[in-house]
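Residue numbers (the numbering used here), protein chains in the order written: chain A, 8 to 494; chain B, 13 to 320.
Calculated directly from the structure, the hints in this document are not laboratory data. It should be emphasised that the depicted structure is a prediction, and the values quoted were computed from it without experimental measurement. A few of these clues could be false.
Said to hold, decoys possible - Below 20 angstroms or equal to it, Euclidean Cα-Cα: the simulated EDC-like pairs (lysine to aspartate or glutamate) are:
no.	chain 1	residue 1	chain 2	residue 2
1	A	451	B	251
2	B	83	A	421
3	A	451	B	171
4	B	266	A	268
5	A	258	B	251
6	A	258	B	274
7	A	425	B	251
8	A	258	B	267
9	B	83	A	420
Stated by the list, open to error - Residues of chain A clear of chain B, computed beta-carbon distances all greater than 10 angstroms:
no.	residue
10	12
11	28
12	81
13	233
14	342
15	360
16	397
Even for Gly, the Cβ is constructed at its ideal location relative to N, Cα and C.
The chain contents come next:
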Amino acid sequence: MAPVFEYAPAPESRAVVDIAPSYGLFIDGEFTEAADGKVFKTLSPATEEVLSEVAEATEADVDRAVAAARRAFEKWSALPGSERAKYLFRIARIIQERSRELAVLETLDNGKPIRETRDADLPLVAAHFFYYAGWADKLDHAGFGRRTTEGHSGANPRPLGVAGQVIPWNFPLLMLAWKIAPALATGNTVVLKPAETTPLSALFFADICRQAGLPKGVVNILTGDGRAGAALVAHPDVDKVAFTGSTAVGKQIARTVAGTDKKLTLELGGKGANIVFDDAPVDQAVEGIVTGIFFNQGQVCCAGSRLLVQESIHDELLDSLKRRLATLRLGDPLDKNTDIGAINSAEQLARITALAEQGEAEGAVRWSPACELPSDGYWFAPTLFTGVTQAHTIARDEIFGPVLSVLTFRTPDEAVAKANNTPYGLSAGIWTEKGSRILAVANKLRAGVIWSNTFNKFDPTSPFGGYKESGFGREGGRHGLEAYLDV
Amino acid sequence: MSDKPEKHGRLSVFKTYKLYVGGKFPRSESGRVYEVTASSAADAAGKGDWLANAPLASRKDARDAVVAARKAFGGWSGATAYNRGQVLYRVAEMLEGRREQYVREVAQAEGLSRARAADQVDAAIDRWVWYAGWTDKIAQVVGGGNPVAGPFFNLSSPEPTGVVAVLAPQESSFLGLVSVLAPVIATGNTAVVIASERSPLPALSLGEVLATSDVPGGVVNILSGRTAEIAAPLAAHRDVNAIDLAGADEALAKELEIAAADNLKRVLRPQPVDDWTAMPGIERMTAFLETKTVWHPTGALGASGSSY
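Start from the sequences and build out the full structure, keeping to the hints where you can.
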């Protein structure tokens, strides 16, 4: 289909963000070099341009950061909740003030479209800090009692101590907010390791902590690779481990903390089913399917990566979906009209490519709209697979890319059985006009977040997290406090 | 039991203690038993006195119990909370009627005076009543609507995790057992319980009460034997969703927690409990609950009649 409109480029200006040529680790309120002086480069995945060099933390740096967080804990946890709240409110406000700068930075470092960082990531980041700021002086009312040998006093729940937090590259600043906001509100101090490919927004956040006057050592940021993360979660003076990332790494962390007193929460992978019944409004469902799997290039743990469509409307729905995909604009993530940005790294692109090739090799039918990919950077065209069965690898493995596997069903029971036929249990979607069917199906799905007639909606008040191998614990809402309290 | 021939010469009838799996009372498929003896300070029987040959459950018995628990999960988790509350209350009623039996068994198992054993049994019965009342309240305490910033009705509800392996406390053979089992099934989970290794008889007898209390077969499955031997396959089992390590020592708890990571079981680590008669909190329920959050659009009705 020929495009109806040609678009002129509409890039967001990079001038709003000033990236330094190098960054150190943020420990005890200071930027410092790594103990062995090592650095690594962070790239723009859209152009492969080097954005900056950042320090590569070693075990000795983890020691230093945890020690700083431990020193800061005594005073921070003893502050009245109302004072901790004001620091967090300050942070929320500064994020709002600097949100365009941070959106451009995030788009540069991550490759996701500016439309998403500007309209989704950054507003949610600020909202998350604002939400948990308000909890800091209301913890007595949150319904978590303090643990005592005689049972529970029902008041004054205590923080855990030092939280070691490891976050992924798909929503770098948002995952930072999900980790740091509840931890600080409840009186913990943190050592956070951003992902290797997206360290910059966390380092800018360190500067926001400085502007907010946050006491030194309360927030420490260690950039580095998986070895730094492993050292952090294994550190004997860390009381709480929070991880968002792959299920394989999550299992390894669970083994590492076994037999210790460390409290653990894990937010891991998914293979979300997006179920479309024959009475669903097709146009809205198509928009929901697109949001479900192409938001953030499908690099979303709760993506609706399996489309379960009722057999009788399969052809009609797929025709509409293909028409819609043909209108998606892939390219410069800084362009305000871009729908599909770059894949975050060469490594992730290779994984997506391999799984898509396996889908073809196993007999599923591959389709992509006509779509020109830029010559530099890491790109993958929006892709559909039809004729997928439950035995196909692309129906079972998390692809974490813009690849949708389409399966069919005949009855609601079959839809539920197929949706639940996965070791994951993070998200699901239901599209139908029939209210009672929504409720009945939602009841039977074994997933932590279910969207009915919508998809990929997030809010700081809404608990998020998985069943089964998608992890445990919840982030967001009152539920999210529990992960950071001694209850 | 070890009752000696009475003066009038009547010989008592011993009970064959059996496992409780899927609502039935099988022996161990392995054919093995082990000798259970009275505790040292027992007033009913001296130290080392023979009480019974308890089944020495095997790995296969553990796997069979998981199959039974999984089969029962849909019905039990789908039952109304009111119904589960009535069933748990019925357990208390049945126990009350057999109170004397449990007082005797607990006294022998734990080496307690009759009066102290009675305190344990009374507390255990009252605990079933306590949890019976929780079944239709916990969802309101830990769930609820979330005021999201958008046109959505957003509701979080607790749901049972699934099949829970429970290592019952080693010392408190009956009250401890009830204190860890009742919260697991109150919320709709099903359980595979490993009884106290040294003192399994009160636990095995509990199966007889559960079987006559409208608890559907498979909701609770009770195994006796070597805790470490039975717990290992349960901790590694892919169709077990969670494990309560109350009855594990430090070394075993660590080993089992590592095995449990293979399918990311929810793990409740052993915690020191000085006094099982103390009022519990709700943590033994919330440890085995998932939170499901559902978003529904509430936007204004458009011309199409759709609200999204």
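Structure-based check of each hint:
A C-alpha spacing of about 18 angstroms is found between residue 451/A and residue 251/B, which places the hinted pair at or below 20 angstroms, so the restraint holds. As the CA atoms of residue 83/B and residue 421/A are separated by approximately 18 angstroms, the hinted pair is consistent with the 20 angstroms bound. About 10 angstroms separates the Cα atoms of residue 451/A and residue 171/B, which keeps this hinted pair within 20 angstroms; it holds. Straight-line distance between C-alpha atoms of residue 266/B and residue 268/A comes to about 11 angstroms, which keeps the hinted pair within the 20 angstroms bound.
Among the hinted pairs, residue 258/A with residue 251/B is consistent with the structure: their alpha-carbon atoms are about 16 angstroms apart, no more than 20 angstroms. Of the supplied pair hints, the one linking residue 258/A and residue 274/B holds, its CA atoms being roughly 6 angstroms apart against a limit of 20 angstroms. Of the pairs offered as hints, the one joining residue 425/A and residue 251/B holds, with about 17 angstroms between alpha carbons and a cut-off of 20 angstroms not exceeded. This hinted pair checks out: residue 258/A and residue 267/B have alpha carbons roughly 14 angstroms apart, not beyond 20 angstroms.
Restraint check for residue 83/B and residue 420/A: the C-alpha separation of about 17 angstroms stays at or below 20 angstroms, so the hint holds. At roughly 26 angstroms from the closest C-beta of chain B, the C-beta of residue 12/A stays outside 10 angstroms, upholding its exclusion from the interface. The Cβ of residue 28/A sits about 39 angstroms from the closest Cβ of chain B, beyond the 10 angstroms cut-off, so the non-interface label holds. The Cβ of residue 81/A lies farther than 10 angstroms from every Cβ of chain B, with a closest approach of about 25 angstroms, so its non-interface assignment holds.
Remark: the non-interface label on residue 233/A is consistent with the geometry, its nearest Cβ contact in chain B lying 17 angstroms away (cut-off 10 angstroms). Distance to chain B confirms residue 342/A as a non-interface residue, since its nearest Cβ pair spans about 26 angstroms, more than 10 angstroms. Interface exclusion of residue 360/A from chain B stands, the closest Cβ pair being 28 angstroms apart, more than 10 angstroms. At the 10 angstroms boundary, the C-beta of residue 397/A stays outside the reach of chain B, the nearest C-beta of that chain being 17 angstroms off.
This entry satisfies every hint, going by the numbered hints stated previously.
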